[in-house]
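**Q** Spelled out from the first residue to the last, the chains are:
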Amino acid sequence: MAKKELMGLFTDAGYAAEAGDALERAGLTKNDYDFLTDTPYPEGALGERHISHKIYVFPFIGAMLGLTVAILITAGTQVSYPLITGGKPVLSVPAMAIISYEGTMLGAILFTVLGILFESRLPYFRKRLYDDRITEGYIGLVVEVDDSKVSDVERALTQAGAVEIKRAAA
Amino acid sequence: MHSTHSLPIGDDVHTKDYKVQLSVHGEELDSKTIIEDVSRGFFAFGAFYKLALLALAALFAVGIVVFVIRAADGLGDASRHQWDYLAAVFAFIVSAAGCAPLIAVALRMTRNHWRRPISRIAELYAVVGLLSLLMFIPLLRVLPPIDGRRTLWFTDEFPGAPVWWNFFGLLGLVIAGLALLFVSALPDWLQTSRRGQGFRAGFAGVFAGRWTGTEAQWKLHRAVLAIMGAFYFLLLIYMLSIINTDFVMSLVPGWKDAIMPAHQALTGIQSALALVLITAFLVRTFGGYKKYFPMEVFWSSSKILMALCLLWAYFWFAAFMTFWYGRMPVEQTILKTFMFESYFIPFLINIFCSWLIPFFGLLMWNPVRKSVWGPTLASCFILVGAFFMMVRLYVPAFNIEDVTAFSLETVPAAVTPNAGDIFIIIGALSGAVFLYMLAAKFIPIISIWEMKEGLLYQRVRTLFRSRFLMVGKPD
Amino acid sequence: MQEAKVLSYRQINKDLLGNIFKSSNRYWLIVGFLTIIVLGAFAAAGYMINRGLWVTGLNRPIFWGFMITNFVFWIGISHAGVMLSAILRLSKAEWRRPATRAAEVLTIFSLMTAVTMPIIHTGRPWRTLYWAFPFDFQRGIWPDVRSALVWDPSAINTYLTSSIMFVFVALIPDLAVLRDRSTGLRRMIYTVLSMGWRGSPRQWKLQAIAGILLSALILPVFVSVHSIVSFDFSMTISVKAWHSTIFAPYFVIGAVLSGVSGVVTVMIFIRWLFNWEDYIRREHIDALGRLLIVIALAWFYFFALEFMFGIYGQEGDELATRHMQMFEPPWSWLFLTFIITAFFIPLGLWLFRDVRRSFLWMTITTLLVNVGMWLERFLIIVPGLARKQGFTGTWHTYAPSAVEITIIVGTFAMVLLLFLLFAKVFPLIPLFDIKEGQVLKDEIKIGRRRVPAVIRED
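Sequence lines, in order, name chains P, B and E.
The first sequence begins at 1 in the numbering used here and counts up one residue at a time.
The second sequence begins at 1001 in the numbering used here and counts up one residue at a time.
The third sequence begins at 2001 in the numbering used here and counts up one residue at a time.
Next up, chain P with everything else stripped away, as it sits in the complex:
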């Protein structure tokens, strides 16, 4: 059966949360709908689905990569041009440790940013249901539902207080 996307627009977070409840009473699950807000609500406040992620893997991978690259560069360059300076050995661990530390942190941070974007499913430039009024405080409730249930969903959203209902273009 073809899936359709709808969005109900609400002026109040309480109404949006009630709309979520109404959708579940109508037979939908939490995975069928999602909220769009202009401000982060405390997790679980709107009754949204549980969010799982693997973001913490990214800094570790980045750190390991950064450390490896930094050690290779510092060791490699010094061995390539072995000059004793200030009585310190050619491969001076404390000095290498400083640059390796910076490399580790840079790798961790860069990969963390990549991970954040990846887990946020960004960038995403294809056209999706949205309304500019969301950034003025409206709450969007996006629902993905079978063709046959569209009118039930629209009724539930309207009864819960939606000021407008949008449909995705065919």
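Don't take every hint at face value.
Stated by the list, open to error - Taking lysine-lysine and the BS3-like style, the derived pairs with C-alpha atoms no more than 27 Å apart in a straight line are:
1) P:54 with E:2092
2) P:3 with P:149
3) B:1441 with B:1032
4) B:1303 with B:1290
5) E:2445 with B:1291
6) B:1291 with B:1050
7) E:2205 with B:1473
8) B:1032 with B:1291
9) B:1219 with E:2205
10) P:30 with E:2205
11) B:1303 with E:2014
12) E:2441 with E:2014
13) P:54 with B:1370
14) E:2005 with B:1473
15) E:2441 with E:2092
16) B:1032 with B:1290
17) B:1303 with B:1473
18) E:2014 with E:2205
19) P:54 with P:88
20) E:2441 with B:1473
21) B:1303 with E:2092
22) P:127 with P:166
23) P:127 with E:2005
24) B:1291 with E:2092
25) E:2445 with B:1032
26) E:2441 with B:1303
27) E:2205 with B:1370
28) P:166 with P:54
These aren't lab readings, by the way, just hints derived from the structure by calculation.
Computed from a prediction, not measured in an experiment: that's the story for all the values here.
Based on these hints, arrange chains B and E on the given structure of chain P.
**A** The following block gives chains B and E in isolation, referenced to the frame of chain P:
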């Protein structure tokens, strides 16, 4: 247009009886329960506790006996090398136990609520200051005169330096710590004196004095705690810096290390938090206070502990790098003495237990931080690390033959502890624990007034579809 | 917090995005004025590179003067961003909300400005490429990993990249607001930059994690950067006044002091410029003032240690340096000015609540701190070099030339100019942060009093 909540704001609160949960996941507590639980724990004096006190007192006594026998051989500069391990254990106790009240002061300043159960546990370590002062006196006696060597006191004619500046500094610190404890305990003494009988109830009643809990008294109470806290903090940092300079650096010819005093102060703060967490764990597990110490106390403390472990490593690296880089002979000798040759084993234990294991092995991992056992285990390692840091600093310093030399020419051999040293170490540590456990039977180990104050400012509230803890900010 | 008004989202968007869509004449006047100064500084730098370093006041043995002082100063200011943003985010302090982005942006631009200083200081800046970067420019000659001057670029580059990433990630939700409020080419640009942000719970959750995780990762970097800059000085053994183990934490805490003071100054400035009285309130500068008391006391402890142990060593050249700093005019006057303006006056005033809650007095005290901290760096660098021993043919003195003074003044103008240009394109106060503050805000009734409260996620 945007309304935030669908429920009415707050509830009216009666001052005597109000119920609230400590956290969303915590257990329910109210004012009456707190007073009854803490009073019951205060007056309880079980057989196990008595046995522990006796054993500790015995070990303490043995330590004193060994000390007296050794002191009979001489207590002056010539016998300085005999008191090396006494100096190390003294430094450990004055750093860890001395910084513990600072934990209470600092956390109170940040106005968070999770600190409330551990406040009094931290403040109570002020009584151990009495032992520190006692141990300090013979160490002051064995300090060599400052003429002919580098000193923080500018010249050897600086009046009262170093002995009297050190002594009165530590005396002031101990008095300030006890005063802080006394003022903090006033309201609780009143509460407990009314819920028991016998000597300790009478003691509490006498020390509660004229405290009745009027608004003026509470205002004064708050002001005094803030001022005494700031004073204690300043004196503590001063004392730890002075002790480190006079008893370590000044005894080692050619050692100029500006970060060392700060490093000892930081190690003190780190080991103090570790000590408080271990004590909290023991009080929670064996004192029947499980619902007073939710996981949040350990979790929030673990973040601070993590930061302190990193800071410890940072200070160590700053000192090491500066000395290592320049290849100056005296600096290389000092590195070899205190880190890489003579005292290599204590240094390894120090760096592993103060940084590598607690940080990389434990606190870096979220599930470990978010538990009761994790931060406690890390704290155990940290205490061991702090002890060995004092060993690797104070023992070689006290064994330097010629303190008036221009610089350290050769790397001195390590001095391992003999039986007498072991008894002194065990005796001193036992004495500290003995004093603390005894004091806990005269001052309630949980701060009743702070716990009750916390109830005023915390609510569990439903926001749309979930429950959250709401925390008041009285400003 | 007690003084906050509840504002509608529309009002918040209008207030905080106002300058982006239409700037006041005041704004353009200030930008124009700063541009002129910056162009003057570029001209002075160009003249110096064309003619050579003899146009400066540098000479044996004082080869580091105004420009290196300025380098250390701006690295110091750059520490404000992480201090406020990361530490206050991790400790969940509510009063951080209007300050975080301004602090982070100040970090980025002061870092960029700081980096230009050693580059033009080389006299032949194009050579910095093969001194600093591990690329085989010169047939097998590589940068010396053992040199503190090579650690510097690695640390500063890491910090700069991290700070830019940090700002960008936190900017995404606000870029979405800008996208929704714009039309035409502007809308297209913000659409690309916001990357399709919609504001789903998943995206918000990851934003929150990003804030915490990046804060936790950047904090160690921030400590390391200024420590490594301090290693430029403390690694040397020929300048005894610099060869001190305390330099790393001393520089870091000094950076935090001057950085946080800089943020306070900038926040009060933007409050005036953009009429943000509802967003930057007295309670914010009060809280920052209390934080500054703690930072100033910590700084003084490290300063005292550095000073006392300088004298502790009883080494001739170091004692001569201290003598020059404290007893030989004009250095003695500079020293007195430094200690009074960096510590005694500001700290004395910050102890009073009325001062901390006064925008005028906080501007004055925080400007004084930065005057003092600039002098502090100058007094570490120049007297140290002026009295160093070992291979020194002369104990010379130093006076800056007009070229150096122009460049230094230009850097202050450049940072402020870049900051204001940023404000023309992106919001300086995070909109979602302010809105979130309103969502989490509540009250508890205790007896007759209503105490402000905050909802905490467990």
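**Q** A separate judgement is required for each hint: does it hold in the structure or not?
**A** Verification of the supplied hints:
A C-alpha spacing of about 24 Å is found between residue 54 of chain P and residue 2092 of chain E, which places the hinted pair at or below 27 Å, so the restraint holds. For the suggested pair residue 3 of chain P and residue 149 of chain P, the alpha carbons sit about 10 Å apart, so the restraint of at most 27 Å is met. With a C-alpha separation of about 21 Å, the suggested pair residue 1441 of chain B and residue 1032 of chain B falls inside the 27 Å cut-off, and the hint holds. With a CA separation close to 21 Å, the supplied pair residue 1303 of chain B and residue 1290 of chain B stays within the 27 Å bound.
For the proposed pair residue 2445 of chain E and residue 1291 of chain B, the alpha carbon gap of about 25 Å is at most 27 Å, so the pair holds. With a C-alpha separation of about 25 Å, the suggested pair residue 1291 of chain B and residue 1050 of chain B falls inside the 27 Å cut-off, and the hint holds. Annotation: proposed proximity of residue 2205 of chain E to residue 1473 of chain B holds, straight-line Cα distance about 25 Å (limit 27 Å). Among the hinted pairs, residue 1032 of chain B with residue 1291 of chain B is consistent with the structure: their alpha-carbon atoms are about 15 Å apart, no more than 27 Å.
At roughly 42 Å between alpha-carbon atoms, residue 1219 of chain B and residue 2205 of chain E are farther apart than 27 Å, so this suggested pair is violated. Among the hinted pairs, residue 30 of chain P with residue 2205 of chain E is consistent with the structure: their alpha-carbon atoms are about 17 Å apart, no more than 27 Å. A hinted pair counts as satisfied when its Cα atoms are at most 27 Å apart, and residue 1303 of chain B with residue 2014 of chain E does not qualify at roughly 39 Å. Between the alpha carbons of residue 2441 of chain E and residue 2014 of chain E the distance comes to roughly 21 Å, so the proposed pair stays at or under 27 Å and holds.
With a C-alpha separation of about 18 Å, the suggested pairing of residue 54 of chain P with residue 1370 of chain B holds against the 27 Å cut-off. Restraint check: the Cα-Cα separation between residue 2005 of chain E and residue 1473 of chain B comes to about 17 Å, which is no more than 27 Å; the hinted pair holds. Distance restraint check for residue 2441 of chain E and residue 2092 of chain E: the Cα-Cα separation of roughly 13 Å lies within the 27 Å cut-off, and the hinted pair is therefore satisfied. For the hint pairing residue 1032 of chain B with residue 1290 of chain B, the CA-to-CA distance comes to about 17 Å; that is within 27 Å, so the pair holds.
Between residue 1303 of chain B and residue 1473 of chain B the alpha-carbon distance is near 22 Å, which keeps this suggested pair within the 27 Å criterion. Among the hinted pairs, residue 2014 of chain E with residue 2205 of chain E is consistent with the structure: their alpha-carbon atoms are about 26 Å apart, no more than 27 Å. Between residue 54 of chain P and residue 88 of chain P, the direct Cα distance comes to roughly 43 Å. Violation of the 27 Å bound is thereby established for this hinted pair. Restraint check for residue 2441 of chain E and residue 1473 of chain B: satisfied, since their Cα atoms lie roughly 11 Å apart, inside the 27 Å limit.
Of the supplied pair hints, the one linking residue 1303 of chain B and residue 2092 of chain E holds, its CA atoms being roughly 13 Å apart against a limit of 27 Å. For the proposed pair residue 127 of chain P and residue 166 of chain P, the alpha carbon gap of about 14 Å is at most 27 Å, so the pair holds. With a C-alpha separation of about 37 Å, the suggested pairing of residue 127 of chain P with residue 2005 of chain E is violated against the 27 Å cut-off. Only pairs whose Cα atoms come within 27 Å are accepted, and residue 1291 of chain B paired with residue 2092 of chain E is accepted, the gap being roughly 25 Å.
The straight-line distance between the Cα atoms of residue 2445 of chain E and residue 1032 of chain B is roughly 20 Å, inside the 27 Å bound, and the hint therefore holds. For the hint pairing residue 2441 of chain E with residue 1303 of chain B, the CA-to-CA distance comes to about 25 Å; that is within 27 Å, so the pair holds. Distance restraint check for residue 2205 of chain E and residue 1370 of chain B: the Cα-Cα separation of roughly 19 Å lies within the 27 Å cut-off, and the hinted pair is therefore satisfied. Of the supplied pair hints, the one linking residue 166 of chain P and residue 54 of chain P is violated, its CA atoms being roughly 33 Å apart against a limit of 27 Å.
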